[in-house]
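S.K.: Sequence:
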Amino acid sequence: MSTSPATAIFHHDQESRTHVDGYKDAQSYSTALSYGLSIEQMAAYVDREGISCSQHMKYECKGSVILKSGTIYSAWYDRSGQQAPFWAGGDPSGAMGNCACSRDGTCEDADMNCNCDVEDNNEWRSDEGVITESSYLPITRVTFGDTGGSEEGYHTIGPLVCEG
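Going by UniProt numbering, the letters in the sequence shown line up with residues 1 to 164, in that order.
I should point out that these hints are in silico values taken from the structure, not numbers from a laboratory. Among the hints, erroneous ones may be present.
What the hints assert, rightly or not - Straight-line Cα separation of at most 30 Å, DSS-like style, residue types lysine-lysine; simulated pairs:
| # | residue 1 | residue 2 |
| --- | --- | --- |
| 1 | Lys24 | Lys58 |
| 2 | Lys62 | Lys24 |
| 3 | Lys68 | Lys24 |
Based on the provided sequences and hints, a complete structural model is requested.
M.R.: Here you go:
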């Protein structure tokens with residue numbers, strides 16, 4: 001008889017879909033995630049041998065970009081409080097601010113690294129993915145910008161899920 005690995009789910013206080021509007025400047029909207037445990041405790045668990053962790057993140061955008069002209073408007077921050085160099089599902093060693101669609105070649109505009117970077121004020125787009133690089137987890141903060149005027153977005157950050 002085989003057994004399935006144990007699963008630990010670490011919930012935080014920002015899991016609900018959240019509207020972002022009225023923040024024109026890059027990363028001017030900022031919210032920290034609180035897990036009810038210290039980041040040090042969570043990092044010690046994530047770093048245990050045989051543990052595999054992941055965290056899902058999604059940004060729905062209408063005219064709001066992630067990266068434009070070298071400026072990062074939207075970002076997430078790792079367990080050390082450092083801005084991550086990639087968006088959820090993107091390539092950690094790829095271009096700054098790259099998204100899952102650039103990793104798998106499915107971006108709506110082949111010249112962009114993210115769907116949201118198309119910057120279409122008339123159409124909703126989204127960039128989402130799962131972060132599996134445990135050394136970055138858990139997500140501690142998310143920031144957004146470029147949501148002034150008719151531009152807006154919604155972020156959804158899932159719980160940290162670990163198996164092993």
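S.K.: Determine for every hint whether it applies to the structure shown.
M.R.: So, going through the hints one by one against the coordinates:
| no. | hint | result |
| --- | --- | --- |
| 1 | Lys24 <-> Lys58 | holds, 20 Å |
| 2 | Lys62 <-> Lys24 | holds, 13 Å |
| 3 | Lys68 <-> Lys24 | holds, 13 Å |
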